[in-house]
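Those sequence lines, one after another, are chains A and B. The first sequence: position 257 = 259 (our numbering), numbered continuously. The second sequence: position 146 = 148 (our numbering), numbered continuously.
To be clear, the hints were calculated from the coordinates, so they are not data collected in a lab. Remember, it's a predicted structure, so these values are computed and weren't measured experimentally. There's no promise every hint is true.
One copy or two, either will do: identical chains are not told apart, so a pair holds if it fits within one copy or between any two.
What the hints assert, rightly or not - Calculated pairs, DMTMM-like style, for lysine to aspartate or glutamate (alpha carbon to alpha carbon, straight line, at most 20 Å):
no., residue 1, residue 2
1, LYS187, ASP125
2, LYS76, GLU97
3, LYS352, GLU109
4, LYS83, GLU313
5, LYS402, GLU109
6, LYS76, ASP298
2 protein chains.
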Amino acid sequence: MQDRTNIGDLHDHIDTEVTVAGYVDVRRDHGKLIFLDIRDRTGIVQGVALPNHEEAVAIAGEVRSEFAIRAKAKVNVRPEKMVNKDQPNGDIELELLELQVLARAEELPFEKDAEVNLDTLLDNRPFTLRSERMRAIFKVQHEILQAYRTFLISNGFVEFEAPKIVGGDAEGGGNIFRLEYLKDKWAYLATSPQLYKQIMVGVYERVFSIGNVFRAELHSTSRHLNEYTSLDAEFGFIEDHTDVMEVQVELMRNMVSHLKETCSTEFATLNASLPLVPVDEFPHMKLREALQLIADETGEDCVNEPDLAPEHERWLCEYANKKYASDFIFITHYPVAKRPFYTYEDEGDKGYTKSYDLLFRGVEITTGGQRIHDHDMLLKRLEERGLDPDNFTFYLMAFKYGMPPHGGWGMGLERLTEKMLDLDNVKEATLFPREINRIDTKLNN
Amino acid sequence: MQDRTNIGDLHDHIDTEVTVAGYVDVRRDHGKLIFLDIRDRTGIVQGVALPNHEEAVAIAGEVRSEFAIRAKAKVNVRPEKMVNKDQPNGDIELELLELQVLARAEELPFEKDAEVNLDTLLDNRPFTLRSERMRAIFKVQHEILQAYRTFLISNGFVEFEAPKIVGGDAEGGGNIFRLEYLKDKWAYLATSPQLYKQIMVGVYERVFSIGNVFRAELHSTSRHLNEYTSLDAEFGFIEDHTDVMEVQVELMRNMVSHLKETCSTEFATLNASLPLVPVDEFPHMKLREALQLIADETGEDCVNEPDLAPEHERWLCEYANKKYASDFIFITHYPVAKRPFYTYEDEGDKGYTKSYDLLFRGVEITTGGQRIHDHDMLLKRLEERGLDPDNFTFYLMAFKYGMPPHGGWGMGLERLTEKMLDLDNVKEATLFPREINRIDTKLNN
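Only chain A is shown next, with the shape it has when bound in the complex (with noise of 0.2 Å):
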């Protein structure tokens, strides 16, 4: 491979001749001398072409924003007066001796970093994905994949890769997207990885899986998208759904620890701040003692409501914020017709699931809960949302060779990646969005 230094790591080259490579990020004409911000994956660092170097002066002279460059050069220490302290590499310039074009660049749509509008900005997306900005809320969502990952692993989870073409709606929910397989049958796309990681607790008792899933929604809201990242978790040997809200909680706390470690530079550069994370559990409430509590304050006519409202959603993250510094809530016990076949009832509580939502800034992140592990009364559920049995018997033969108490709980990336940076729109912590009026550019023509 080709000598090359990271301009990361310029300061232990001081006064040493280095070889760079990079994009150059702007050029600056001082008449005389030239001088070009050179950025590479690890930093930024002003260069300079001197008049005595002819050739670096010639080629400087034609480069523009973006074209791709290698750089021979001299690490300089710069004059006191010249420092700029509010930059990595303020302290230091590379004198360029010798220059070469990787690649050109045409003349920019507009300034990379200029603020645009959301149209501007996905169709441009290969451009403007280069962007300070862009480039930051990419890096915390790779961030908060190690950090999931990690905590999980370490706690005796084994990823596994769920398949995206399924045989049926297994869930019945409909919005799913329908495919051409072959020999003239129709499958489908996996809307969840749901039934499958429940397979695997039997297998490995702990699972998670990290994928695609996709809804053939017709919304396009700043909430929505037809194709999204899954983070999922599945594990047995539970009492009840409390148990998954207390892994849950480890999660989030472990993953707010491990973006304020790496991420401190993109949190700065979006102007966003880490949550709230309470030093014990997180706040919590059953879904009616929820809707009670905001007809109480607000006055509002919601108490009979079998499901939050956007505006509900809102109002408890205020709630949680203000009365235990908690950028999350807990809302648990959803009544059983407004969740999944699967989910478990509470005995306890009839007619109310062991099931919850994890709100965090405003939303909802999460949907989790504990599952049913017994197979008749798997088969009875079916029967009751009209859902035909023979089209789950794969599924069900899981729960015929002993399944023990388990649950789970899928999570949003993107919309993850969405509230953790405080931004207005799931579209902008998607890298390529698909939505109703968007495949890339395609259905835009």
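Fit chain B to the given chain A structure using the hints.
Same frame as chain A, but now just chain B:
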């Protein structure tokens, strides 16, 4: 959470009372004594119900294999003559004090660890996955995933989620599944994250992605799957394809070390051996050299073939094994016409590409190489292939704004697992294989 001791930790609790939870692996009824082998995710241990614990005896008499149970028990050291040195917990025994059935199991269709044919194995996947053999296979697969990520992250690669729903057949290779998208539009299932990972090189320079890809192939062989997990990586500022090969060598070396550390038990269970990895570089040759070698050594008239046949791949692997003590061999310089449009043509060897296949134990496990980074050259290649550049505007945008020389690879997780463990069929290394006759059991009906 309920009190529970992992079976793998019982040696820390000798002569004390513990609570364990898990599955009845086997029950042996010896008249007055009933033995239960109990397994959890951390290990297996023999329990015994002694006549003085009447309730435990009564329950132990009723349980069968795959019942999920919880047991209060005393951890006893076995008398010298009862020690089984070949088993991890062969020197201890649980004296069962209290037993609780958490979930019943029907009579098994066949012994969990019985050898069955592939169709029976897959038809009963939720049950057969619990066998010692299958748990070993997918534990190794889990560790392959971790080794892959750990190596790349430690080398500065950023993970991203590639979309699965795409707007068109990007590479023009056919074999693509079509799905009903929204508003009467068609969309497709990605055959690879190739175009997206190249876009992402412009953003983070070094990226990787792990996720399902889809091939609408009508084959049903021991090598083919219609959905598999692709381990992708792509990185910029390379000199040529040899840089990509160099990183892949380090990856494979690290992966084998990781498996040696974490999966020796599983390799023993599966009677598999770790691959031979050369100390320095992996053997490599051009396709033409490989074909000439085969012709010279076997007399086969194959020197003008544009690709390797399966038997050639096997022959070359045996050759590398014998001559270089390597289970890996690179074949480079496939003809331009046999590679996708984005493949980089070798300026010094016109008509041939700076691309490679990595062969491992008889099959190709990776295709990789350098990609075209020049916008106009890419446009030319698209046109030469009869592909419409208008379908590539999004992708081409990344190249308009400066793309460094770059390359990468794609590697199928299931095939890699299969070959790592010397299995006979890729479906054995696929949790829930999708193929022409099977989506779970659905298409069998």
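Taking the hints in turn, this is what the structure says about them:
1. In this homomeric assembly, LYS187 and ASP125 come within 20 Å of each other (Cα to Cα) only across copies, at 19 Å, whereas the closest approach inside a single copy is 35 Å.
2. In this assembly of identical chains, the alpha carbons of LYS76 and GLU97 lie at most 20 Å apart only when taken from the same copy (5 Å versus 74 Å across copies).
3. In the homo-oligomer, the alpha carbons of LYS352 and GLU109 never lie at most 20 Å apart, since the shortest distance is 66 Å inside one protomer and 32 Å across protomers.
4. Taking CA atoms no more than 20 Å apart as the test, LYS83 paired with GLU313 passes in neither setting, with 53 Å inside one copy and 70 Å between copies.
5. Taking the shortest Cα distances, LYS402 and GLU109 sit within 20 Å of each other only across copies (9 Å), while inside one copy they are farther apart (64 Å).
6. Taking the shortest Cα distances, LYS76 and ASP298 never come within 20 Å of each other, neither inside one copy (69 Å) nor across copies (54 Å).
Checked against the numbered hints given earlier, this structure breaks hints 3, 4 and 6; the rest are met.
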